[in-house]
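Colleague: So you can see what is in the structure, the chains are spelled out below.
2 protein chains.
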Amino acid sequence: MREVRAASPADILALRRRLDEKTKPRGSLGRLEDLAVRVAAAGGRLDALDPVIVVVAGDHGVARQGVSAYPQEVTRQMLAAFAGGDAAVCVLARQAGADLVVVDAGVVEPVDDPSILDLRQGRGTTDFTAGPAMTRRQAEAALGAGLELADELAVDHGLVALGEMGIGNSTAAAAVAAALLECGPQMTCGRGTGLDDAGLARKVMVVEEGLRLHRPDPGDPVGVLAAVGGFELAVLAGLAIGAASHEVPVVIDGFISSTAALAAARLAPALPSRLVASHRSPEPGHTLVLGALGLEPVLDLGMRLGEGSGAALCLPLIRSSLAILEEMATFAGAGVTDAGR
Amino acid sequence: MREVRAASPADILALRRRLDEKTKPRGSLGRLEDLAVRVAAAGGRLDALDPVIVVVAGDHGVARQGVSAYPQEVTRQMLAAFAGGDAAVCVLARQAGADLVVVDAGVVEPVDDPSILDLRQGRGTTDFTAGPAMTRRQAEAALGAGLELADELAVDHGLVALGEMGIGNSTAAAAVAAALLECGPQMTCGRGTGLDDAGLARKVMVVEEGLRLHRPDPGDPVGVLAAVGGFELAVLAGLAIGAASHEVPVVIDGFISSTAALAAARLAPALPSRLVASHRSPEPGHTLVLGALGLEPVLDLGMRLGEGSGAALCLPLIRSSLAILEEMATFAGAGVTDAGR
Numbered sequence: 001m002r003e004v005r006a007a008s009p010a011d012i013l014a015l016r017r018r019l020d021e022k023t024k025p026r027g028s029l030g031r032l033e034d035l036a037v038r039v040a041a042a043g044g045r046l047d048a049l050d051p052v053i054v055v056v057a058g059d060h061g062v063a064r065q066g067v068s069a070y071p072q073e074v075t076r077q078m079l080a081a082f083a084g085g086d087a088a089v090c091v092l093a094r095q096a097g098a099d100l101v102v103v104d105a106g107v108v109e110p111v112d113d114p115s116i117l118d119l120r121q122g123r124g125t126t127d128f129t130a131g132p133a134m135t136r137r138q139a140e141a142a143l144g145a146g147l148e149l150a151d152e153l154a155v156d157h158g159l160v161a162l163g164e165m166g167i168g169n170s171t172a173a174a175a176v177a178a179a180l181l182e183c184g185p186q187m188t189c190g191r192g193t194g195l196d197d198a199g200l201a202r203k204v205m206v207v208e209e210g211l212r213l214h215r216p217d218p219g220d221p222v223g224v225l226a227a228v229g230g231f232e233l234a235v236l237a238g239l240a241i242g243a244a245s246h247e248v249p250v251v252i253d254g255f256i257s258s259t260a261a262l263a264a265a266r267l268a269p270a271l272p273s274r275l276v277a278s279h280r281s282p283e284p285g286h287t288l289v290l291g292a293l294g295l296e297p298v299l300d301l302g303m304r305l306g307e308g309s310g311a312a313l314c315l316p317l318i319r320s321s322l323a324i325l326e327e328m329a330t331f332a333g334a335g336v337t338d339a340g341r
Numbered sequence: 001m002r003e004v005r006a007a008s009p010a011d012i013l014a015l016r017r018r019l020d021e022k023t024k025p026r027g028s029l030g031r032l033e034d035l036a037v038r039v040a041a042a043g044g045r046l047d048a049l050d051p052v053i054v055v056v057a058g059d060h061g062v063a064r065q066g067v068s069a070y071p072q073e074v075t076r077q078m079l080a081a082f083a084g085g086d087a088a089v090c091v092l093a094r095q096a097g098a099d100l101v102v103v104d105a106g107v108v109e110p111v112d113d114p115s116i117l118d119l120r121q122g123r124g125t126t127d128f129t130a131g132p133a134m135t136r137r138q139a140e141a142a143l144g145a146g147l148e149l150a151d152e153l154a155v156d157h158g159l160v161a162l163g164e165m166g167i168g169n170s171t172a173a174a175a176v177a178a179a180l181l182e183c184g185p186q187m188t189c190g191r192g193t194g195l196d197d198a199g200l201a202r203k204v205m206v207v208e209e210g211l212r213l214h215r216p217d218p219g220d221p222v223g224v225l226a227a228v229g230g231f232e233l234a235v236l237a238g239l240a241i242g243a244a245s246h247e248v249p250v251v252i253d254g255f256i257s258s259t260a261a262l263a264a265a266r267l268a269p270a271l272p273s274r275l276v277a278s279h280r281s282p283e284p285g286h287t288l289v290l291g292a293l294g295l296e297p298v299l300d301l302g303m304r305l306g307e308g309s310g311a312a313l314c315l316p317l318i319r320s321s322l323a324i325l326e327e328m329a330t331f332a333g334a335g336v337t338d339a340g341r
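Chains as they are written, first to last, in my numbering: chain A, 1 to 341; chain B, 1 to 341.
No lab work stands behind these hints, which were simulated from the structure alone. The structure presented is a predicted model; accordingly, all values stated were derived computationally and were not measured. Do not take every clue at face value.
[Unchecked claim] What the simulated footprint calls covered on chain B by chain A, stretch by stretch (three residues with Cβ under 8 Å from a Cβ of chain A suffice, anywhere in the stretch; the number is not a length):
1) 162-174
2) 294-304
[As the list claims (entries may be wrong)] Using C-beta positions, here's what the derived DEER-type ranges look like:
3) Asp196(B) x Ala332(A): 22 to 28 Å
4) Asp196(B) x Ala14(A): 25 to 31 Å
5) Asp47(A) x Ala332(B): 40 to 46 Å
6) Met205(B) x Glu296(A): 45 to 51 Å
[Stated by the list, open to error] Not the full set, but computed from the structure, chain A residues with beta-carbon under 10 Å of chain B:
7) Met1
8) Ala48
9) Asp99
10) Ala141
11) Asp151
12) Val155
13) Ser273
Using N, Cα and C, we set each Cβ at its ideal position, and we do this for glycine too.
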């Protein structure tokens, strides 16, 4: 697997010191200062920031188990909507001044639109209650495709944000997270896009069944992705590692992209120091996964749409945090009296 | 006092319905949807949005009671830094694409800079432990100056955001909030820009003393502002009422601008429906004041700088929320299957 270098502790210290020289009481910009340090230490630079949001879509065999409030064809419809430019993430990306790259990692029926990047690994995954979601070779290919895409995007854009779409993918992510964190599926399963109590109970049972069937080794993240994951999860994991290997910040969105990042971090242990958690979703598994990655999210707006919507919303805050670091006056420069705290 | 019309309940309902037709599970954008409804119902329109942040500075006689970690001359230094363009709020306003208007409402020694708007009501207020902070006539003049400035700015900018600066002003705001909310000063006094335990205890005592001396009538907000307030607080209250009377959203920042808005809301009871709370500051009084205004803040980043820094950071989120409302596709328009929830 590609090497990811950890953000340097010396850099982090120097960045903190730089913020303490700014004309404001120490720490008075709160977590905006933490964000500035994290983004800058991860390689973010204001003048190199031309963010790209990569939305990766895939279908899930497990969707036929009734684990989503929406039918499977919605994945394809939303893929078309992303290409059309008026889905939520398109609107939010425009507002954030970010480019949007739409990837088909393997929906059942492809959308005929040249703006959609074809990284298809199959016609949706296999229902993981019947067999492995994909072969190990498919999982490796999806990871590799993500890595290669990151190689194309990372340096030019200076920051890569992750989004996803796929009916059933919060079930796959719940299974991956439960396997990697070695916890019960009731800890990682949530209502997704709107399950009722019966639907949530079914989702937990389905994930239990998949984990019982495959018993994936938590020490083998590729095996976990192959057994119960999804094409978009594996592509996102590859993207995260690839972008971080070029020393640019990687912004994760909600539960699904964060779980992809968790799998990636098991392959590249220094990855978390290059990650920015954009927001906290109400999915119970999200808080667990962020905790495992050691990340504190910037926004907490109860958003549970996915698509990269939270990541897009966070981009102006990221830019502003870097601007504070790079453009704000110091006590010495501005002739302002420092209380020395 | 100028009339402020409440945002229309029928508009609010229609806006909610419009969001429910968008290609996303109902409510899945969480509080971004609440924000969109609030801003649009308050009069916010994407194409009319050219936000202005008004930073109002004033000095406080009570500063000599040792209630701040910084000396009084810092107010003037920061006023000069705002005019210079590299204080925190300047950097953040640029990032948000917002204009910045810097107002001197009465610092001790004015800054000689033509870019600073002169709304001076005096050379700092009187120490309210010795006498009223200002005369009733000064308080009315400051309110009127804020109203007039809003008349100039509101329609052209489509949104007005409030910021402030003034050594000692969290003490004045704590006194105003305690008087209006009829609670003890220990509920509204916080560490401001960095008081230690002894400093905080002194601040509580100073506010107690001021309230005991003047016994301001909570039913008379102008009297409260005159007794224990500040020039910038009164100008901000006038700005809020004036902007809301033109039916544009008013974005409040931290404890001080929120307390000014609370005083304004006692004069114009429909005002809160035109307000947006940008962030929650760690000042304990801020949560009380926001609660009294019925507002839920968008950001919660532990920021306690003031200047309008939180309001500036919130502006891209406000713009994005309106873009979701105005630009995002509907289920019908996009041909996406709606699960009907």
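Colleague: Give a verdict on every hint.
Modeller: Evaluated hints:
1. 162-174: Per the Cβ count (0), the hint is violated.
2. 294-304: The restraint on the segment 294-304 of chain B holds, since 7 of its residues have a Cβ under 8 Å from chain A and three suffice.
3. Asp196(B) x Ala332(A): 22 to 28 Å: Holds, since Asp196(B) and Ala332(A) (Cβ atoms, about 25 Å apart) stay within the stated range.
4. Asp196(B) x Ala14(A): 25 to 31 Å: 28 Å Cβ-Cβ, so the 25 to 31 Å window holds.
5. Asp47(A) x Ala332(B): 40 to 46 Å: 43 Å, holds
6. Met205(B) x Glu296(A): 45 to 51 Å: 36 Å, violated
7. Met1: Given a least distance of 34 Å, the restraint on Met1(A) is violated.
8. Ala48: With Cβ-Cβ at 16 Å, over 10 Å, it is violated.
9. Asp99: 16 Å, violated
10. Ala141: 30 Å, violated
11. Asp151: 30 Å, violated
12. Val155: 23 Å, violated
13. Ser273: 21 Å, violated
Against the hints set out earlier in the document, violations occur for numbers 1, 6, 7, 8, 9, 10, 11, 12, 13.
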